[in-house]
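Spelled out, the chains give:
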Amino acid sequence: MTDRLDPRRHGQGLCSCCGSEPADSTLSCESVPSGALSASEQGLKNRVENALLRAILPRAETRRAFLKAVGGATAAAALAEVFPVATATEAFAETGKLEKKKLAVGFIPITCATPIIMAAPLGFYSKQGLDVDVVKTAGWAVVRDKTMNKEYDAAHMLAPMPIAISMGLGSTAQPFTVPAIENINGQAICLALKHKDRRDPASWKGMKFATPFDYSNHNYLLRYYLAEHGLDPDQDVQLRVVPPPEMVANLRADNIDGFLAPDNIVQRAVFDGIGFIHILSKEIWNGHPCCAFAASQAFATEMPNTYAALLRALIEASAYASKPENRKQIAEAIAPANYLNAPLTVLEQVLTGTYADGLGGVKKDPDRVTFDPFPWESFAVWILTQMKRWGQVKGDVDYDGIARKVFLVTDAAKAMKDAGLTPPTSVSKGFTIMGKPFDPSQPEAYVNSFKIRKAG
Amino acid sequence: MSGSLTLRAAIVSVALFAVFVLGWHLATRSSGATSGMDPEYAKLMGATATQGKSAMPGPLDVASKLWEHLSQPFYDKGPNDKGLGIQIGYSIGRVLVGYLLAVVVAIPLGFLIGMSPLMHKALDPYIQILKPISPLAWMPLALYTIKDSSISAIFVIFICAVWPMLINTAFGVASVRREWINVARTLEVGTLRRAFTVVLPAAAPTILTGMRISIGIAWLVIVAAEMLVGGTGIGYFVWNEWNNLSITNVIIAILLIGVVGMFFDQLLARVARLVTFPE
Chain A
24 MTDRLDPRRH GQGLCSCCGS EPADSTLSCE SVPSGALSAS EQGLKNRVEN ALLRAILPRA
84 ETRRAFLKAV GGATAAAALA EVFPVATATE AFAETGKLEK KKLAVGFIPI TCATPIIMAA
144 PLGFYSKQGL DVDVVKTAGW AVVRDKTMNK EYDAAHMLAP MPIAISMGLG STAQPFTVPA
204 IENINGQAIC LALKHKDRRD PASWKGMKFA TPFDYSNHNY LLRYYLAEHG LDPDQDVQLR
264 VVPPPEMVAN LRADNIDGFL APDNIVQRAV FDGIGFIHIL SKEIWNGHPC CAFAASQAFA
324 TEMPNTYAAL LRALIEASAY ASKPENRKQI AEAIAPANYL NAPLTVLEQV LTGTYADGLG
384 GVKKDPDRVT FDPFPWESFA VWILTQMKRW GQVKGDVDYD GIARKVFLVT DAAKAMKDAG
444 LTPPTSVSKG FTIMGKPFDP SQPEAYVNSF KIRKAG
Chain B
20 MSGSLTLRAA IVSVALFAVF VLGWHLATRS SGATSGMDPE YAKLMGATAT QGKSAMPGPL
80 DVASKLWEHL SQPFYDKGPN DKGLGIQIGY SIGRVLVGYL LAVVVAIPLG FLIGMSPLMH
140 KALDPYIQIL KPISPLAWMP LALYTIKDSS ISAIFVIFIC AVWPMLINTA FGVASVRREW
200 INVARTLEVG TLRRAFTVVL PAAAPTILTG MRISIGIAWL VIVAAEMLVG GTGIGYFVWN
260 EWNNLSITNV IIAILLIGVV GMFFDQLLAR VARLVTFPE
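Top line first, the protein sequences correspond to chains A and B.
For reference, each letter of the first sequence is one residue, going 24 to 479 in my numbering.
For reference, each letter of the second sequence is one residue, going 20 to 298 in my numbering.
Careful: at least some of the hints might be erroneous.
[Stated by the list, open to error] Here are some chain A residues pointing at chain B (derived, C-beta under 7 Å):
hint: 1; residue: 159
hint: 2; residue: 161
hint: 3; residue: 168
hint: 4; residue: 172
hint: 5; residue: 268
hint: 6; residue: 296
hint: 7; residue: 360
hint: 8; residue: 364
hint: 9; residue: 365
hint: 10; residue: 383
Calculated directly from the structure, the hints in this document are not laboratory data.
Here a beta-carbon is modelled for each residue, glycine too, at the ideal position from N, C-alpha and C.
Build out the structure end to end from the sequences listed, making use of the hints.
In structure tokens:
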């Protein structure tokens, strides 16, 4: 191992890639700042540098002697000076020429958008050669309109929204796609402090609840939860759509009794001493999808390389965010005014899962929110069953057809493979919500199995 | 006597301000730390819950934050975080574009309506219906048809600013004293020349009043429009800080919106004084 130049430097963690590489592969390890570089990128950079070095000093003995004399870091720095290693690495990473490099991606300032947002400050977009402006947006309807107008190339949406847009529910119909889910879990039911002794949902008759949007899993999960406890969400309680930041203010003003909202909004209500966390949404359905990364089909077909690069960036960001040890760094990266504009403590409590429940207790649940990009077709089918259940769609629904058109399992699987992840082999999976199993192959029977639902 | 009146008014103004700030300060004092809270739990909670801090910021909070903003008004930390100076600049830019478009449309059209009783009667019902529509009501329609949010914002300013100017111009032109028009006619002055040398100066004070009302409305509208459309501008700043429930910053923005609005108003008041004439 003559060319393992300075073994002391290899204790820094990022160099796991080095061991398997032959000969001079350790060269670049210490020249890379610790940060968000994935193992696959590190490997690529090493290979590029090695190839260069081999080209300059073709004979192995000379090469080793040179490395021994000057040290790996110096050699890498010298190389970088005469040859743009970063550019070469980028060129190798790109699979096709990008049709457009300057992109605008819209988001709503909530923790669900974590991968979309963090990919900017942590460099996941620039790594793919993209210059992405992540643009904060005032509400779901505005995100929808701006994405449909092509002011945004892609956007953060609630998982049911691209389905609704594709079907022309609440807007003109335009084919939209979900090549990646943003987050799973990551919502909670928050109640005003005065209700701290009314924990049984059966006693919630007549209360007022807020959800962020009609076409949201927040809405469907709250309705599901209430219905399982015998309340008809259309008759026994009042549900209204309220933009998330106004939920906390409305709760303080006593205009609503509670809400089911993204975790950072819920935690903010706790932080300000206004409400408490009744349950996390994962207690209703552990592993439910929440928000999605959405793009119009036109964008995907007109700019396939850009679309693929954007997707790769997001999948890698999701993979990075799924690791608990990275969560604190992510919270710090997305807290400033340019992104979420929220107190760091609140975001840390959401992302690390060690949180105050608002009633004086500290709870620990690392799965409070997590990130898994795979857009299971059965997620879409379930969403469609709930649209049918609550009367948002009428008549026959082509569950599988719509799910396949909107939730792009193949694209996600390819991008996951590119990022060094193993995508699931099937496209659909069943799951259990509050003890009731859901079989994606029998959607109509599932809808009909509910006693409480909108007739029609 | 007038000097001492100004002085006395200033004293009353300052006194009112002092009373207001003192009352504000007293009303937002914190009620003392909550006792018996688990320290680990307290670490995860905000000052409102642990220190009994009022949810409303006090005058000192606002003053220190204001100083922070004023000391670096032009920083740019990415598409969603820019200094207050830049935000206000964007808002003023939008307002001016929308407003100037409105001037270009309203004044010639107002002349037409004012000089022709037929057009006045014909267009009146439309103006009366369109005039009272709120900017927020125009917004979805504009976004949907124009398909561009910044042009939509400008359109909304235009459509809200155009009516007071139009009505005032028409009124000013229609109420130019008959004698002056008749004199001009006797001297065989042509229509165009009559419009520019007799009617325009005579109607100018009324037109300027309309323009002054309009700039006020345009400035009111921009905040609402930017809150909806987002991206840049003082309205977006308010919305962004509201998102973070930062009432301190919202108060600062309110203050600045007031100051800029006053500046516009005073500017047009000056111009109006230039064109008034004694009868």
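Cross-check of the supplied hints:
1. Look at residue 159 of chain A: its Cβ gets to within about 4 Å of chain B, closer than 7 Å, so that hint holds up.
2. The interface hint given for residue 161 of chain A holds, since its Cβ lies 5 Å from the closest Cβ of chain B, which is under the 7 Å cut-off.
3. The beta carbon of residue 168 of chain A is positioned within 7 Å of a beta carbon in chain B (closest approach about 5 Å), and the interface hint is therefore held.
4. With a cut of 7 Å, the hint placing residue 172 of chain A at the interface with chain B holds, because the nearest CB-to-CB distance is about 4 Å.
5. With its C-beta approaching chain B no nearer than about 4 Å, residue 268 of chain A sits inside the 7 Å limit, and its interface hint holds.
6. The criterion of a C-beta within 7 Å of any C-beta in chain B is met by residue 296 of chain A, whose closest approach is roughly 3 Å, and the hint holds.
7. Interface restraint check for residue 360 of chain A: the shortest CB-CB distance to chain B comes to about 4 Å, inside 7 Å, so the restraint holds.
8. Of the supplied interface hints, the one on residue 364 of chain A holds, with its beta-carbon coming within about 4 Å of a beta-carbon of chain B, less than 7 Å.
9. For residue 365 of chain A, the interface hint holds, since its Cβ comes within 7 Å of a Cβ in chain B; the closest pair sits about 6 Å apart.
10. This hint holds: residue 383 of chain A has a C-beta 6 Å from the nearest C-beta of chain B, less than the 7 Å allowed.
Going through the hint list in order, the structure satisfies each hint without exception.
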